[in-house]
Amino acid sequence: MASLKDMRNRIASTKATQKITKAMQMVAASKLRRAQAAAEVARPYAERMETVLGNIAAGIMGLDSAPKLLAGTGSDKVHLLVVCTAERGLCGAFNSSIVRLARERANALATEGKEVKFLCVGRKGFDQLRRLHGQQIIETIELRGVRNIGFENAQKIAEKIIELFDTGAFDVCTLFFSRFKSVISQIPTAQQIIPAVVTPQSADGPRASYEYEPDEEDILAELLPRYVATQVFRALLENAASEQGARMSAMDNATRNAGEMIRKQTLTYNRTRQAMITKELIEIISGAEAL
Amino acid sequence: MATFNFDLVSPDRLVFSDAVDQVDVPGTEGDFGVLAGHAPYVATLKPGIVVVHLGGEQRRMVVIGGFAEVSAKGLTILADMATPIEDFDGAHLATEIKNTEEDAADAQDGRTKDKLEHRLSQLRALQAAVVA
Chain C
1 MASLKDMRNR IASTKATQKI TKAMQMVAAS KLRRAQAAAE VARPYAERME
51 TVLGNIAAGI MGLDSAPKLL AGTGSDKVHL LVVCTAERGL CGAFNSSIVR
101 LARERANALA TEGKEVKFLC VGRKGFDQLR RLHGQQIIET IELRGVRNIG
151 FENAQKIAEK IIELFDTGAF DVCTLFFSRF KSVISQIPTA QQIIPAVVTP
201 QSADGPRASY EYEPDEEDIL AELLPRYVAT QVFRALLENA ASEQGARMSA
251 MDNATRNAGE MIRKQTLTYN RTRQAMITKE LIEIISGAEA L
Chain B
1001 MATFNFDLVS PDRLVFSDAV DQVDVPGTEG DFGVLAGHAP YVATLKPGIV
1051 VVHLGGEQRR MVVIGGFAEV SAKGLTILAD MATPIEDFDG AHLATEIKNT
1101 EEDAADAQDG RTKDKLEHRL SQLRALQAAV VA
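Protein chains in written order, with this note's numbering: chain C, 1 to 291; chain B, 1001 to 1132.
If you're looking for bench data, these hints aren't it; they were derived computationally from the structure. Don't be surprised by glycine CBs; every beta carbon is placed ideally from N, CA and C. Heads up, some of the hints might be wrong.
Said to hold, decoys possible - Taking lysine to aspartate or glutamate and the DMTMM-like style, the derived pairs with C-alpha atoms no more than 25 Å apart in a straight line are:
(1) C:LYS156 to B:ASP1089
(2) B:LYS1113 to C:ASP218
(3) C:LYS19 to C:GLU87
Said to hold, decoys possible - Rough simulated footprint, nothing fancy, chain B against chain C, three-plus residues with beta-carbon under 8 Å:
(4) 44-53
(5) 215-227
Unchecked claim - Partial list, derived from the structure: chain B residues whose beta carbon lies under 8 Å from chain C:
(6) PRO1011
(7) GLU1029
(8) ALA1043
The shape of chain C in the complex, shown without the other chains:
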């Protein structure tokens, strides 16, 4: 049976833990607000980009001259899975659920006889994939020192992906990240970015035939890498918001659990204390009676 002092210590330590989880929850809440705002202001660019690309792509889809980033290499032997996760843990199932989705996809592709390669963005994903797929990870990009994700970060990742694509390291590239739906709900998502999936503009109405300056090829050669960068950027921002959301609810749960534990421990502590007082009283009284 633990002594009263041990119990007091245990309660104090649970209280300290609760304070930490509470603080983490509040930090996550304020970071979430910022991350959400960042994701929101980036949305118009991504949307317009998709429209513009859709408009242009509709005109040249199916032509032989269509760039590979848009039309693909013509095969789908080698798949690159870009797994975007967080740099830190303690955010519930956030990292695991992204990794699980990527792993399921990898296994499905492997049974189809396709080759799978991984590119990890974020340390947590790398840690989790290393054990089973260590050989297939070709690159890890850490965003440790980055406080606010800027477009430059996304651009660097996109450049890396395109460089790999140009050297023929893979045929199809899929991005894995967590879409931010609400604070309590983040949805792990897979999105194919190479070859680009464009929804051609609605067929009704006359399709605009564009004048290009400089010519179509030059424009697409500039537009497509930027499209990849935009998609990566959006994934990173969604991920950042999701991470904070997941951490917030995980820490909220932890705080609540700690409160429950403190309540139970205090109850046992008080009972034991009362029992000891009673025992001492009995000892004194029976001692007095014996005289």
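Since the structure of chain C is provided, determine the placement of chain B on it from the hints.
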């Protein structure tokens, strides 16, 4: 005067979105003006100043790189960087110029060097235009 819709967006925000009379855009192959009813058109941009004409008023915005798309819905500029000229940070441009200078000095093959020097001259022209 007929107006049309003009959106100026950069990756991190929507800089401008409103109905306007005319927009002057710095295209890589030369500046061009867009009025309502312009034919569908796509062009790449050079670093420069976009001039927006809005009911007799003029607003100037600095853009660095990107695309302009004119469709039936209006004009959309997707810029790598865009700010109203009042908020423009000259120091950022200065570092950009310095970096490009260094890259151009390091460049080995002729084509890249040409390209970088071309960009350098565009950036310098923008700097001169902003200061003026």
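Structure-based check of each hint:
1. Between C:LYS156 and B:ASP1089 the CA atoms are separated by roughly 23 Å; this keeps the pair inside 25 Å, and the hint holds.
2. Pair hint B:LYS1113 plus C:ASP218 holds up; C-alpha atoms about 18 Å apart against a cutoff of 25 Å.
3. With a C-alpha separation of about 23 Å, the suggested pairing of C:LYS19 with C:GLU87 holds against the 25 Å cut-off.
4. With a cut-off of 8 Å between beta carbons, the stretch 44-53 of chain C has 6 residues touching chain B; three or more are needed, and the interface restraint holds.
5. Interface restraint, the stretch 215-227 of chain C with chain B: holds (5 residues with C-beta to C-beta distance below 8 Å; minimum three).
6. With a least beta-carbon distance of about 4 Å to chain C, the hint placing B:PRO1011 at the interface is held under the 8 Å criterion.
7. For the restraint placing B:GLU1029 at the interface with chain C, the shortest Cβ-Cβ distance is roughly 5 Å, inside the 8 Å limit, so the hint holds.
8. Here the hint on B:ALA1043 is kept, as its CB sits about 4 Å from the closest CB of chain C, short of 8 Å.
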